[in-house]
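Asks: Below, each chain spelled out in residue letters.
Number of protein chains: 4
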Amino acid sequence: MKPVNHIKIEKPLTVNELVRKMDSAGVLAAGRLGKSVNICEAMIKDKDCKVFLGLAGPLVPGGMREIIIDMIKNRWVDVVVTTGATLTHDLGEALGYRHYQGDKDADDAELHRKGFDRVYESYMPNKIYEGMEDFIAKHFERLKNKKSIREFLWELGRLTPKKSICRACYENKIPLFCPAISDSGIGLMIWGHLARNREVEVRAFEDLKEIMDIAWTSKKAGVIYFGGGVPKNYIQQAMQLTPKSASYGVQITMDRPEPGGSSGAELKEGISWGKMDPKARFVDLICDATIAMPIIYAALKERIK
Amino acid sequence: MKPVNHIKIEKPLTVNELVRKMDSAGVLAAGRLGKSVNICEAMIKDKDCKVFLGLAGPLVPGGMREIIIDMIKNRWVDVVVTTGATLTHDLGEALGYRHYQGDKDADDAELHRKGFDRVYESYMPNKIYEGMEDFIAKHFERLKNKKSIREFLWELGRLTPKKSICRACYENKIPLFCPAISDSGIGLMIWGHLARNREVEVRAFEDLKEIMDIAWTSKKAGVIYFGGGVPKNYIQQAMQLTPKSASYGVQITMDRPEPGGSSGAELKEGISWGKMDPKARFVDLICDATIAMPIIYAALKERIK
Amino acid sequence: MKPVNHIKIEKPLTVNELVRKMDSAGVLAAGRLGKSVNICEAMIKDKDCKVFLGLAGPLVPGGMREIIIDMIKNRWVDVVVTTGATLTHDLGEALGYRHYQGDKDADDAELHRKGFDRVYESYMPNKIYEGMEDFIAKHFERLKNKKSIREFLWELGRLTPKKSICRACYENKIPLFCPAISDSGIGLMIWGHLARNREVEVRAFEDLKEIMDIAWTSKKAGVIYFGGGVPKNYIQQAMQLTPKSASYGVQITMDRPEPGGSSGAELKEGISWGKMDPKARFVDLICDATIAMPIIYAALKERIK
Amino acid sequence: MKPVNHIKIEKPLTVNELVRKMDSAGVLAAGRLGKSVNICEAMIKDKDCKVFLGLAGPLVPGGMREIIIDMIKNRWVDVVVTTGATLTHDLGEALGYRHYQGDKDADDAELHRKGFDRVYESYMPNKIYEGMEDFIAKHFERLKNKKSIREFLWELGRLTPKKSICRACYENKIPLFCPAISDSGIGLMIWGHLARNREVEVRAFEDLKEIMDIAWTSKKAGVIYFGGGVPKNYIQQAMQLTPKSASYGVQITMDRPEPGGSSGAELKEGISWGKMDPKARFVDLICDATIAMPIIYAALKERIK
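Chains as they are written, first to last, in our numbering: chain A, 14 to 318; chain B, 14 to 318; chain C, 14 to 318; chain D, 14 to 318.
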C-alpha cells in the first residue's frame, strides 16, 4: 500500500507540478484529479486510441471556450459530443457577442427587462438571438438539407465567421455530434423557418451510423466526460460497439450516482453494460468542470508536446 | 409571517393528510413538497392551463412506471417530454421484461457475464435488447418514414403490445416528445437497420413545430419536472413561446444550481429568459423522484376526483 | 432476484401503505425509504437492542420538534445525541418563541435590522436570546456545577417550563448528549456568565463514561442518524465499544460520501472500524430529514402499538 | 458589466497565473476560486484583521497536513478551530503512523480483519490507537487538569514528538480550539482513564472566554472555512461578538445550502445574524477541500512574501 503523501508547497509551482503532488497524495478529489490527468495523458498519447469527448453544462458561459477549441486544434480528441446549449453559446460568441459576469441572486424580472438571460451567475445578452436569427436566415439554404446533424454542424462551422468550437471541429475534421440539437437556441432559429412551412430534412437517427462506425473500427477507445447528459450517454452507447469497450475513462461532473441516472453514474457501472473494459484505467471525479478543465488542460499542456 | 407549525402525528394518516401537515410546517424540503402538491393540483384543475411534464432519470427502473401511465391516463398532463432511456426501459417492460432489485456495490464484470446491465441498484436484463430488436424489426416499415419523432413514438405506442407510457400517450392523444431519441436503446435498434443501408426519414427538428404550437396557443402553461436534462430544457424553451410564460412550475430533482447547468437551475432563473412569469406560482424541491413522485401522486389522487 | 414492483396507487393510502409499496419497488431512494422503516421497526421492537438516535441539522426550525419529542416519549430510543443548535432552537420554543416561514432569497441586511436570524428559509426571532438569557440567568446556580454535559442538559430539561426535547429526555430518563454544547446559543448564554468571572465546572470528557457504558453493556445496538456531524460520529465512536458492533443502522442525510468526511460516510464504512457488524441490517438514504422523518414516524406509528 | 474572459493557456503556467485567469473568467466555480484567493490574500495582508480558520473533514487522511501546518507557521491565521478527528489523525502522524491510499469499494470486513479503518478511500492503520494510548498514558498527568480544551491542546502540542498541526499551534502561540474534542480518538484515549476512575477536569465551556475575547478585541475579522461542522459554527458564533462582524469570508465545502444546516449555509446568511458585515468581501465555493486548499495555498505563496 502506498502512503498518502502530504502535499508540501515551498516555492512557486507550475500547474503540472502541483498536479503531480496531488497524484502523490493519491486520495480523495486531489488524488482523483491527479489520476485524471494521468489517464487523459495516456489516452491522448496512445496512437491506437480514439478519444471521445463529451461536453455538457455551461462551459461557454463559464469561460472554457478557448480550452475546448484548443483541445480540438491540438487533435487531442477524435470525436466531440455536446449539447445544443453549448453550440448556441459558442455560435453567439462567434457572432461577436459575449457572456457577462453576473450575480446568481440578481432580480430576474429586472434582468428580463434589461435583456439578459441568466445562466446561474453568467449573463447572456438576449440580443444574441437577433444575431443568430440573421445568421441562420442568411445560410438557411445551405443548412436545411443536410442529411445528418453532424453534417449540419460542420456546415455551421464552415459558415461561422470567427473561431468557434463548431468551426474548429469542421476545420480539423473532428466529427461533432449533438443528438438533441433541436433543444437549443439553434433549434429555435430553425423552428422560425419550419413555422413558415420550410422543410428541414436533417434526420434524427442518421448520425448513429457515423459514431458507431468510429467506435466499431477503433482499436482502442477512451472517453472524457465533462458533465453528463446526452453527450455522455451517447458516447457510452457507442462504447458498447467498440471491439474492446473503453480502455480509458475520465468522468468529471457534479452529478452524483445515487439518483441512478446516467449523468452521475460511476464509470464502473459501464462495465456491466460492456461499455467499459474491466481492465480499463478510469477515474470518476466530482468537481466543477470550470475548475477541473483548466487544471487538466494546463497540466497536459506541460506533458504533451 | 406564518410560524413553522411542527408536524404532529397522533394517528394513521393518509398521504395527503401528511402532505397537508408538511405544507403547514412550510419550510425546507417538507414545506416545498407540500407546496409542490398544491401547485400541481392548481395547474391540473386550471382548465385554461396546458400542463407540460418533463421526465428524466431512471424512473422505470425505479418503479415509477404505473404512476406515470396513470398521470397520462388521468389526462392530468397535456404534453410529455422524456429521454430515450425512459422510453427504452418502458418498451422493455411492455415486451414482458422486468427490472430487478440489485446492489450498487455488485461486481460489474460478473453482472456483465450474467447479462445484467446495472442502473445504480436496479438491474436490466441484457436480453431486453433481443426482444426489442425483434419488435423493431417486425415493425420497421411502419416506423422508418414517420416525419417527426412524436409521430414515430405514437406509432411505437400504437404497436406496443401491452400497457406502456408510450402507448398511454398514443391512446390518450398526448403528444410525447423525445428530442434525443437516437441516444437510447431504441436508437441502437434503429441503427441496426441504418447499418444495413436502410433509410430512416424521421427528422430532427420537425417536432419543434408541434410543441411550439401547443405553447403558442395555450392560454396558460404549467410545467412539472422530475429530473432535468433535455426534457426540462426542451419544455423551458417552449415556454419562451407561450403568450404569458409559464404560470405554474414544479421542479423536483437531485441536481443543484451551482454548476450552472439547465438541469439544476432554479425555476426563477427562467424569469430572466421569459420562460417563467414573475407572478407564477412555482417551487423547486431537491428530492429523489422515486420518493417525491409517489407522494405527490398519492396526495393528488386524494384531492382530484 | 426480486423484480422492481412498480408503485400503483388506486385509492387513498395511509403513509404506511405507501411505504410498503416503496419497499416492494425495492430500489433507489423509494426502496431505501421502505427499508429504513423496516429496520427502524426491527430495532425498536428488538427488546435486546439499545437504540441510539443522532440528530443534526435544522430539525426544530424545520418543523420536526413534535416528532422528536414523541419518539422520546414513546421510548423508541434509548440515547439521544444532538447539536447545540437543536437544543437552542428547542429551548427557544419551550420559552414561547416560534420559528417562522421565510424566504431563502430575502435581504439578509434587512432581516438583521428587523431582528430575524435566517436558517435557510426559516427565521428565528433574535429576541429568543433575551428570553434565553433571562432563563439561564435565573437558573445559573443550578446549572454551573453539573459535572457532565448530560447532567447539565437533564437539569436544563427539568427547568424547562414547557414541553421540549430536552425535557422529554429528562422526564423519560433518556440520556441526552451534546459534546459541542459550547458551540450554540446556550453556550453563548453560559459565556455571558463566564465573562463575569463565574465558574462553570461542566467537564468536556465526562460524558464519555456514560455513553460508553451504555454501549459496552448493551446486548445489541441500533443507530438512527438524521444528519451527520458530531451526533453521528459520537455514536459511531461508542459503537466501537459495543460487544458486537451495531446490529441495525439507518442513516438519512443530504451529505455525500465522496468528500470523505464522517457526516456523509456510508454506514458500511463503519464495518472496517468495528462500528457496524458486517451482518447488520443497515441502509443509507440520501434524503432531506424533513421529508424522511415524518414519513418514517407516521409509518412506524401504524406498525408499532 | 465585465465579460467572461475565456481562459486561454498557451504555455506552462504557475498555479497563481492560472488562478488569475480563473479570476478573470469571473463566474462559476473557477471565478469563485479566483475570488477565494483574492479574499484570503486581502485578509492575511490586512494588519488589522484577525483570521479565523475553521477546518473540518478528512484533511489529514487527504494529504493536507503540511499545508495546514505551513499556514500556521506562516502566521497567516490567528485562530484555528477544528474537529477531534483532525487532531486524532494529526497526532497519529506525529507519532509516526501514516495514512494509506485505498479503495472506496474495498471489502470493509476484510479491512477490519487486517486492521485498517477506512476513511472513504484513505486507510488509517488501527495500530494508531496503540501508539496514542501509550502517548496519552505517558502524559496523562500533564493533560488531565488543564482547565480549557485549548490549554489541553497546546499541552498536547508541546508534548508531540514531531511536527504537527497541534504542535505548530503551540509553538506559534496560535489558539487552537476543538469544542467536540471528546468526539474523537483522543477522546477515546482519555475515556480509557476516566473508566479507571481518574478525573479529567478539562471544562466544556471554558474556551468560550478566550475565543470570544479574541473576537471582541479584534479591529477586523476574517473567516476561512474548509468544511462546515462545529469549526465553522463555532467561529460564526464568535463573529457575533466582533465589533464589526466579519469583514472577509471564504467558505469552501461540498455541503449545500438547501438542507438548511449551518455547514452548507451560504455566508450571506450570516448577515442576518450579525456574523457577517453586509459590506464584507466574501465568497462561497462548492469544491472539495483537497483540490481547493493546495491551489489556494500555492497561489497565496506566490503572492505573499
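A few of these clues could be false.
If chains are identical, the list can't say which one is meant, so a pair holds when it fits in one copy or spans any two.
Stated by the list, open to error - Here are the computed lysine-lysine pairs in the DSBU-like style, where the Cα-Cα straight-line distance is at most 35 Å:
| hint | residue 1 | residue 2 |
| --- | --- | --- |
| 1 | K15 | K176 |
| 2 | K24 | K222 |
| 3 | K160 | K318 |
| 4 | K159 | K117 |
| 5 | K140 | K48 |
| 6 | K21 | K159 |
| 7 | K281 | K140 |
| 8 | K151 | K48 |
| 9 | K24 | K127 |
| 10 | K157 | K117 |
| 11 | K48 | K86 |
| 12 | K314 | K60 |
| 13 | K15 | K117 |
Source of the hints: derived by calculation from the structure; they are not laboratory data.
Asks: Hint by hint, note whether the structure agrees.
Replies: Against the structure, the hints:
Only between protomers do K15 and K176 lie at most 35 Å apart by alpha-carbon distance; the minimum there is 21 Å, versus 46 Å within a single protomer. Taking CA atoms no more than 35 Å apart as the test, K24 paired with K222 passes in neither setting, with 52 Å inside one copy and 38 Å between copies. When the C-alpha separation of K160 and K318 is checked against a cutoff of 35 Å, the pair qualifies neither within a copy, at 38 Å, nor between copies, at 48 Å. Proximity of K159 and K117 under a CA criterion of 35 Å is satisfied in neither setting, with 39 Å inside one chain copy and 43 Å between copies.
Only between protomers do K140 and K48 lie at most 35 Å apart by alpha-carbon distance; the minimum there is 29 Å, versus 42 Å within a single protomer. Proximity of K21 and K159 under a CA criterion of 35 Å is satisfied inter-copy only: 33 Å between copies versus 55 Å inside one chain copy. Taking the closest pair of Cα atoms, K281 and K140 come within 35 Å of each other only across two copies (21 Å); inside a single copy the shortest separation is 43 Å, beyond that limit. Taking the shortest alpha-carbon separations for K151 and K48, neither the intra-copy value of 47 Å nor the inter-copy value of 42 Å comes in at or below 35 Å.
Proximity of K24 and K127 under a CA criterion of 35 Å is satisfied in neither setting, with 47 Å inside one chain copy and 39 Å between copies. In this assembly of identical chains, the alpha carbons of K157 and K117 never lie at most 35 Å apart, being 38 Å within a copy and 45 Å across copies at closest. In this homomeric assembly, K48 and K86 come within 35 Å of each other (Cα to Cα) both inside a single copy, at 24 Å, and across copies, at 30 Å. Proximity of K314 to K60 under the C-alpha cut-off of 35 Å is restricted to the intra-copy arrangement: shortest distance 18 Å within a copy versus 39 Å between copies.
With identical chains, the CA atoms of K15 and K117 are at most 35 Å apart between copies only, with a shortest distance of 15 Å across copies and 43 Å within one.
Of the hints listed earlier, those the structure fails to meet are numbers 2, 3, 4, 8, 9, 10, in rising order.
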